[in-house]
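**Student:** Going down the list, the protein sequences come from chains A and B. Okay, so the first sequence: first residue is 257 according to the working numbering, each after it adds one. Okay, so the second sequence: first residue is 31 according to the working numbering, each after it adds one.
Hints listed in this document are in silico derivations from the structure and should not be mistaken for laboratory results. Misleading hints may appear alongside valid ones.
Said to hold, decoys possible - The calculated lysine-lysine pairs, modelled on DSS-like cross-linking and capped at a C-alpha distance of 30 Å, are: (1) A:Lys-448 - A:Lys-534; (2) B:Lys-198 - B:Lys-59; (3) B:Lys-123 - B:Lys-101; (4) A:Lys-422 - B:Lys-191; (5) B:Lys-101 - A:Lys-583; (6) B:Lys-198 - A:Lys-583; (7) A:Lys-583 - B:Lys-191; (8) A:Lys-328 - A:Lys-402; (9) A:Lys-328 - A:Lys-343; (10) A:Lys-448 - A:Lys-481; (11) A:Lys-343 - A:Lys-448; (12) B:Lys-198 - A:Lys-448; (13) B:Lys-191 - A:Lys-448; (14) A:Lys-432 - A:Lys-481; (15) B:Lys-198 - B:Lys-267; (16) B:Lys-101 - B:Lys-142; (17) A:Lys-432 - A:Lys-534; (18) A:Lys-583 - A:Lys-343; (19) B:Lys-123 - A:Lys-422; (20) A:Lys-422 - B:Lys-142; (21) A:Lys-448 - B:Lys-236; (22) A:Lys-448 - A:Lys-402; (23) A:Lys-448 - A:Lys-422; (24) A:Lys-343 - A:Lys-422; (25) B:Lys-198 - B:Lys-236; (26) A:Lys-534 - A:Lys-412; (27) A:Lys-448 - A:Lys-432.
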Amino acid sequence: ISSIHILDPLPMKGPELGVQADDIEPPEIEQEPKQEVLENKDVVVQRVHIDGLGRTKEDLLTYEIAGVFRAKNLIDVMRKSHEARQKLLRLGIFRKVNVVIDTSRGEDALPNGLDVTFEVTELRRMTGSYNTMVGNNEGSMVLGLKLPNVFGRAEKLTFQFSYGTKETSYGLSFFKPQPGNFERNFSVNVYKVTGQFPWSSLRETDRGVSAEFSFPVWRTSQTLKWEGVWRELSCLARTASFAVRQESGHSLKSSLSHAMVIDTRNSSILPRQGGLLKIHQELAGYSGGDASFLKEDFEIQLNKTLFWDSVLSASLWGGLLLPIGDKPTSIADRFYLGGPTSIRGFSMYSLGPQSEGDYLGGEAYWAGGLHLYTPLPFRPGRGGFGDLFRTHFFLNAGNLCNLNYGEGPQAHLKKLAECIRWSYGLGIVLRLGNIARLELNYCIPMGVQSGDRICDGVQFGAGIRFL
Amino acid sequence: MSLPAEAFMSQIAAAEPWPENATLYQPLKEDQILLSDCASSLAVQAYLRMCGLPVQVVCRVNAEYMSPSGKIPFIHVGNQVVSELGPIVQFTKAKGHSLSEALDDVQRAEMKAYMELVNNMLLTAELYIQWCDDATATEISRPRYSSPYSWPLSSILAYQKQWEVRRKMNAIGWGGKTLEQVYEDVSQCCQALSQRLGTQPYFFNKHPTELDALVFGHLFTILTTRLTSAELAERIKSYSNLLSFCRRIEQTYFEDKRS
Numbered sequence: 257i258s259s260i261h262i263l264d265p266l267p268m269k270g271p272e273l274g275v276q277a278d279d280i281e282p283p284e285i286e287q288e289p290k291q292e293v294l295e296n297k298d299v300v301v302q303r304v305h306i307d308g309l310g311r312t313k314e315d316l317l318t319y320e321i322a323g324v325f326r327a328k329n330l331i332d333v334m335r336k337s338h339e340a341r342q343k344l345l346r347l348g349i350f351r352k353v354n355v356v357i358d359t360s361r362g363e364d365a366l367p368n369g370l371d372v373t374f375e376v377t378e379l380r381r382m383t384g385s386y387n388t389m390v391g392n393n394e395g396s397m398v399l400g401l402k403l404p405n406v407f408g409r410a411e412k413l414t415f416q417f418s419y420g421t422k423e424t425s426y427g428l429s430f431f432k433p434q435p436g437n438f439e440r441n442f443s444v445n446v447y448k449v450t451g452q453f454p455w456s457s458l459r460e461t462d463r464g465v466s467a468e469f470s471f472p473v474w475r476t477s478q479t480l481k482w483e484g485v486w487r488e489l490s491c492l493a494r495t496a497s498f499a500v501r502q503e504s505g506h507s508l509k510s511s512l513s514h515a516m517v518i519d520t521r522n523s524s525i526l527p528r529q530g531g532l533l534k535i536h537q538e539l540a541g542y543s544g545g546d547a548s549f550l551k552e553d554f555e556i557q558l559n560k561t562l563f564w565d566s567v568l569s570a571s572l573w574g575g576l577l578l579p580i581g582d583k584p585t586s587i588a589d590r591f592y593l594g595g596p597t598s599i600r601g602f603s604m605y606s607l608g609p610q611s612e613g614d615y616l617g618g619e620a621y622w623a624g625g626l627h628l629y630t631p632l633p634f635r636p637g638r639g640g641f642g643d644l645f646r647t648h649f650f651l652n653a654g655n656l657c658n659l660n661y662g663e664g665p666q667a668h669l670k671k672l673a674e675c676i677r678w679s680y681g682l683g684i685v686l687r688l689g690n691i692a693r694l695e696l697n698y699c700i701p702m703g704v705q706s707g708d709r710i711c712d713g714v715q716f717g718a719g720i721r722f723l
Numbered sequence: 031m032s033l034p035a036e037a038f039m040s041q042i043a044a045a046e047p048w049p050e051n052a053t054l055y056q057p058l059k060e061d062q063i064l065l066s067d068c069a070s071s072l073a074v075q076a077y078l079r080m081c082g083l084p085v086q087v088v089c090r091v092n093a094e095y096m097s098p099s100g101k102i103p104f105i106h107v108g109n110q111v112v113s114e115l116g117p118i119v120q121f122t123k124a125k126g127h128s129l130s131e132a133l134d135d136v137q138r139a140e141m142k143a144y145m146e147l148v149n150n151m152l153l154t155a156e157l158y159i160q161w162c163d164d165a166t167a168t169e170i171s172r173p174r175y176s177s178p179y180s181w182p183l184s185s186i187l188a189y190q191k192q193w194e195v196r197r198k199m200n201a202i203g204w205g206g207k208t209l210e211q212v213y214e215d216v217s218q219c220c221q222a223l224s225q226r227l228g229t230q231p232y233f234f235n236k237h238p239t240e241l242d243a244l245v246f247g248h249l250f251t252i253l254t255t256r257l258t259s260a261e262l263a264e265r266i267k268s269y270s271n272l273l274s275f276c277r278r279i280e281q282t283y284f285e286d287k288r289s
């Protein structure tokens, strides 16, 4: 048989033979019988090579390519090679992976033997990036350094440094997967992050260290994390309310957290089907530190494609913060609600308990959203740019409040059910790559309580996680 | 305070009378507060009592960080927050309460000069002894300052404060002084105060002013605080008129406190 090259793009829809015109012997009528021969022929994969390795250790890769040996016929070989290629790319250490399947050569070559070769190009040892960011009366210079595959087994070291006119942040992160089992990995981070929250007139500086361990269990992905953070809170302006001024100062939080994620969606931005369940709990105070609480929150999302390329999506978020001991909760731990990424029609995090215009956050919340995504009317730019846009009709509702923990769960539910804020409207969503989305909505907020700040009419939102 | 800031303050403050729920914030009295902060807080408390303005003292762990200027004490009156004796005096003056109205310009200038003397000498000496003297810093200042926090934050904050104060001491030229020299400076300051006081009940004869409150705050705190060495208290005790001055103010304005 002539050699068959399998190149980008993927995924394959079926047996793509990609046979070059000159390779076929004329006349053309012989093609059909040739295809049948190829499909049914039993083959044995004799050798699998990886060419182009530099610093990567081979033992890491044997796990990823082991599946290819088990292929029994040609279609199987191509499929297993494709899977192995995906696995190699997922390690994040190769820039390119090409697969070449050829007949076996050499003395011990069987008549139906195949050699599979993966031609890889490793990423450079160190890549750097330099960006400048301007926004919100602040300019900053961001320097990034990435060292993929530091010790040869897909470990990754990243460093980011941001130097701005107002604040400076940096972070160093080390990631190591288990060889042969990429889903099991751990990472260690050291960081200093400063955030300014004008809705609360608060500035928060976090200096922390965290260690995280992820592993899959059946269909879920579990993460265990320990985090130690030194938090410094201060007022953003002299006019901050006294309630926020009382929260100023230093505190130390040492917490253990666990997260479980089941994600069957086909994409994280504008999914067409599948669901997401994320449950997260955090226990602080039992491993040292000043802060002492138990925090639970969950996120559910379900998507279903309806007629005519439209998608119905329902999501529900909720959370509870339970202080342990007699110290009250800190404003840095509480939940916030409202804004273009949660309940649209309200200003950013400007919902719920507040004092003199500064929003203090709440200890319990729930928020739900119902969306109908449709293609743009009249479908402009179909098949290209137009596919990135969707129109959506939405209905959001939610509540954020503090609970009186002396009462029972009935009272809590009652409190969360009264004074519900909700909003509806429509807008346009733009998908940015596979990570973020932009929205431009016309919102009508309802159920507005005194103290909430609304943004009715046109509202713009950009982010990663939307209700 | 700058002139426009003063004018602004007067406008805002003059509008409302002194409320019943005015509060003064300072660090925890038993475990946390240090000599210099205690002295400043007592000075403000004495001043407010002399003006006859009621104020409630509340102790908070993060009082230093709550304060808009980072200094103890600060008062929360209505919805205004004012810190340190100087601005507080201005604030009460805008509300119509003042102790130094009866003074003429010469006396007022003299009062300001003596207040500067106390701030530059006594307060700085207190800070020096607390943070630059290794024995005091290790045994008293750092443990007290870090007591509300858990490790390692406690050590970080205590050392950070110590470096900050030492840097400031170097900047004003006190970095090279020895403990003896500091005690000498305190003695000289006390001598100047004692001479000015003479046999009068208060610095400006019959009625107390903010200078009296300030001097009382510092001297009384030094006399009643236990440090690693009693030298500082001894230096003050050698001036008997200052001792009776402190006792007099304590009995007149703080007798309910003694119970």
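**Student:** Each hint: holds or not?
**Tutor:** Each hint, compared with the structure:
1. A:Lys-448 - A:Lys-534: 27 Å, holds
2. B:Lys-198 - B:Lys-59: Between Lys-198 (chain B) and Lys-59 (chain B) the Cα gap is close to 25 Å, so the pair holds against 30 Å.
3. B:Lys-123 - B:Lys-101: 21 Å, holds
4. A:Lys-422 - B:Lys-191: Satisfied, since the Cα-Cα distance of roughly 23 Å is no more than 30 Å.
5. B:Lys-101 - A:Lys-583: 25 Å, holds
6. B:Lys-198 - A:Lys-583: Distance ~35 Å between Lys-198 (chain B) and Lys-583 (chain A) Cα, so the pair is violated.
7. A:Lys-583 - B:Lys-191: 25 Å, holds
8. A:Lys-328 - A:Lys-402: 40 Å, violated
9. A:Lys-328 - A:Lys-343: 20 Å, holds
10. A:Lys-448 - A:Lys-481: 18 Å, holds
11. A:Lys-343 - A:Lys-448: Cα-Cα ~33 Å, so violated.
12. B:Lys-198 - A:Lys-448: 26 Å, holds
13. B:Lys-191 - A:Lys-448: With a Cα-Cα distance of about 20 Å, the restraint between Lys-191 (chain B) and Lys-448 (chain A) holds, given a limit of 30 Å.
14. A:Lys-432 - A:Lys-481: 15 Å, holds
15. B:Lys-198 - B:Lys-267: 29 Å, holds
16. B:Lys-101 - B:Lys-142: 20 Å, holds
17. A:Lys-432 - A:Lys-534: 23 Å, holds
18. A:Lys-583 - A:Lys-343: This hinted pair is violated, its Cα atoms lying about 49 Å apart.
19. B:Lys-123 - A:Lys-422: 37 Å, violated
20. A:Lys-422 - B:Lys-142: Given that 30 Å is the threshold and the Cα spacing comes to 38 Å, the pair is violated.
21. A:Lys-448 - B:Lys-236: 57 Å, violated
22. A:Lys-448 - A:Lys-402: 18 Å, holds
23. A:Lys-448 - A:Lys-422: 14 Å, holds
24. A:Lys-343 - A:Lys-422: This hinted pair is violated, its Cα atoms lying about 42 Å apart.
25. B:Lys-198 - B:Lys-236: 38 Å, violated
26. A:Lys-534 - A:Lys-412: Status holds; Cα separation ~26 Å.
27. A:Lys-448 - A:Lys-432: 22 Å, holds
Violated hints for the displayed structure, listed by number in ascending order: 6, 8, 11, 18, 19, 20, 21, 24 and 25.
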